[in-house]
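Enquirer: Each chain, written out:
2 protein chains.
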Amino acid sequence: MRTTAYVSLLVAVASLQILPAVATGAAEQAADIGEQYGEVADRLIDAAMADDRAYERLALLVDEFGPRFSGTENLELALDWILEQMEADGLENVRGEDVMVPRWVRGNESAELIEPRPQNLPMLGLGGSVGTPAAGITADVLVVSSFDELSARSSEAEGKIVLYDVPFTTYGETVQYRGRGAVEAARVGAVASLIRSVTPVSLRSPHTGGMRYADDVPRIPHAALTVEDAQMLHRMQNRGERVVVRLKMEAETLADVPSRNVIAEIVGSELPDEVVVLGGHSDSWDVGQGAMDDGGGCVAAWEAVRLMKDLGLRPRRTVRVALWTNEENGLRGGNAYRDEHLNELDDHVLAIESDSGVFKPSGFGFTGSDAAYEIVRQVGRLLDRIDAGQVTRGGGGADIGPIMALGVPGMGLSVDGSRYFWYHHTEADTIDKLDPDEVARSVAAMAVMAYVVADLPESLPR
Amino acid sequence: MRTTAYVSLLVAVASLQILPAVATGAAEQAADIGEQYGEVADRLIDAAMADDRAYERLALLVDEFGPRFSGTENLELALDWILEQMEADGLENVRGEDVMVPRWVRGNESAELIEPRPQNLPMLGLGGSVGTPAAGITADVLVVSSFDELSARSSEAEGKIVLYDVPFTTYGETVQYRGRGAVEAARVGAVASLIRSVTPVSLRSPHTGGMRYADDVPRIPHAALTVEDAQMLHRMQNRGERVVVRLKMEAETLADVPSRNVIAEIVGSELPDEVVVLGGHSDSWDVGQGAMDDGGGCVAAWEAVRLMKDLGLRPRRTVRVALWTNEENGLRGGNAYRDEHLNELDDHVLAIESDSGVFKPSGFGFTGSDAAYEIVRQVGRLLDRIDAGQVTRGGGGADIGPIMALGVPGMGLSVDGSRYFWYHHTEADTIDKLDPDEVARSVAAMAVMAYVVADLPESLPR
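Just so you know, the sequences run in chain order B and C. Going by the working numbering, the first residue of the first sequence is number 1, and it counts up by one from there. Going by the working numbering, the first residue of the second sequence is number 1, and it counts up by one from there.
One or more hints might be untrue.
[As the list claims (entries may be wrong)] From the derived model, a few chain C residues whose C-beta atoms are all more than 12 angstroms from chain B: (1) G38; (2) V188; (3) A214; (4) P258; (5) D387.
[What the hints assert, rightly or not] In silico contact screen, one side only, chain C against chain B (beta carbon under 8 angstroms); selected entries: (6) A59; (7) P116; (8) T430; (9) D432.
Keep in mind the hints are simulated off the structure, nothing from the lab. For glycine and all other residues, C-beta sits at the position ideal for the given N, C-alpha and C.
Please take these sequences and the hints and turn them into a complete structure.
Expert: What follows is the structure, given as structure tokens:
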């Protein structure tokens, strides 16, 4: 039965590669994928949705190990445990691949309003920032709403702490002030820089995250205040008051330390050298639990493959879970994976990442050829019964970026993003924000997409 | 014109006092109140809605003085400023009435998870709690979901820290664990007690609040963890893990110190001894800005009377702003007002409090006679154009509770309460959560209700 269908599918897929997809052709092929894989997809979905196992595994990971910041013992202990568990799950070729990672240490830190009145300002230093002298930096604050305003008022910035009070619009737009705020402030003579935390919602919660320096300007300390306090300091400035802040940060970057990318597989039955890799990043920031960023992505990929194993499913190609290290402040894991597997990348048929939180999934975003898009769109149809079948154009993930840049088709799990940035990089990134049913749907989506693409008669075209 | 209408209104009101309200009578009277007061109500509403003055005044209060906890210099400096501003506004009989208030001092405090792994647990001691020894209290934790479960497991509580992990249902129901949690835990031999913060939404934010002891059981330290951590400790216990916490609190209650109820008036033109008192409480907790609890209530009442003054409106009876002190941890202000004005209470025709945040107002909740309810309901109609005219049965406020207990009709401003408890008693009770338009509507509602009731031809019947 499989052989007959195989041939018809082969014809359909082959036709796609020489002709633009037409409505009838696509419909036929969709029918073929549906016929071939409908039953196995249902088994994977049913198994994923049968219990809260993925949620419980995630809760155990994040409760027992806490935040898993690069360079910490927490992360390495968590990786040891994951490797043990993957062995116990019966996955194959379970291993850690060595990666050296940066070690940024926050230390004690504080921001204190001195004028117009004393008050502690909750804050988080930004990852990679230099520290202050032990006595702190005490300076007048210049609040601006944008880089343009800083430019216009550059003559006022000398010797001051620049505070960017930038309302959240999109992450991509607003995060620029976290990324290059210190560089732009130092360029006009500021002695430190502060941002309004990158979030649409705050309960006086500072959000950390990565930042960078440039070689041609001094490295000044860079930290995030809360939305509430950034706005308050702005109001004070608008009232003509002198605003003075004392910033103290012990932050420093120590020598690189060893970490690991975690790998586990189900080796393909017919084409073991061809690989569908799926995963998330094992590290988190040093606050919260990293439950959605990105413990959930790791567990969704891992559980997807564990389900295949438990159901006795072995696809034609290899499915490989990869839990990349050091996404948050270095991307060393994603880069090391590219380097370690450079000779295999031509045989990577697809890379799938989940790094937007395992909220209710709607499908995937895909980056690859039109022919491949037609196929993965049709695979998506198998997930329609759990409303997770929408495959849209464009998508991937930070950790698979390095191999996507070398031609590997990439895909990111798409989820309801309405609350992700409330918790992002804060103490509030904890398991209770996630829903067991939504986590199970994420596992199901990852499992069906990875399994079917790994098992298709023809490799996904580039 | 006013005289003619006065007579017809008098008849309508008099008829209410001897007959049950009937549909036609009520409609007639509503028409009369509408005719008599529609124009002045519109002037008050228009003036309140014309600018952001109330919001700006509130922002100034909470930004410049910060939290205003009973017994602190912050509160007394804020009261000095308010008294000065009320004089400058041209209000009459502006004064502070002396009140001795408790002085609970939080000091340094922390909770640390020791087993199964070390982690800081964000917390806030509860107001009035005793402290721990300097080395802290380190003990095994017993997590329970209710007083009933504590009862059932009372034999396990000896020498432990009891943690109540109680999901938020209503404030009234859930806050019992804050109020009497220490008493019930001490009764079964616990050495300290912790609650899950009383809130439906958390970003790892601890919520403080009042608590009490009983004379017949030891006084043990009582503090709030975050929702997230209470749930995590509960999960750990459910997994069979030993959970150990170290609680350190320097909290202590010092000798009472002086504070003040702030009073300002527009003296009535015909019946100066009859009073409509309206207000909120000037104190807040020692975290956040107390912008909604209850800076906003204070400013709504104050601005309502300031608007009357600016519009040259002097009602027949006296309108009196009262900003009561020490609502949060003692209610000394509300009690002192009752004692100070005991001989005038028969002439207090209405007391109005705003203490639910100055979010979008829907009207008022009223406690008083049926006859009075019919009248204030009709006054409410004057606020229909800003959707703030709904007067419902039942309502008041903590600070006016003592005079309501002696027969003064009471009323509380009703507002959209959907987010109030997100911020309640936390660092996140800040001005940015409020909307200038909604604050203006709250001012308008307070102004119209207070003015019209103070000016009615007949006193509101008891």
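Enquirer: Take the hints in turn and mark each one as holding or not.
Expert: These are the hints, each one checked on the structure:
no.	hint	verdict
1	G38	holds (37 angstroms)
2	V188	holds (27 angstroms)
3	A214	holds (33 angstroms)
4	P258	holds (22 angstroms)
5	D387	holds (26 angstroms)
6	A59	holds (6 angstroms)
7	P116	holds (7 angstroms)
8	T430	holds (4 angstroms)
9	D432	holds (5 angstroms)
Every hint from the earlier list agrees with this structure, and none is contradicted.
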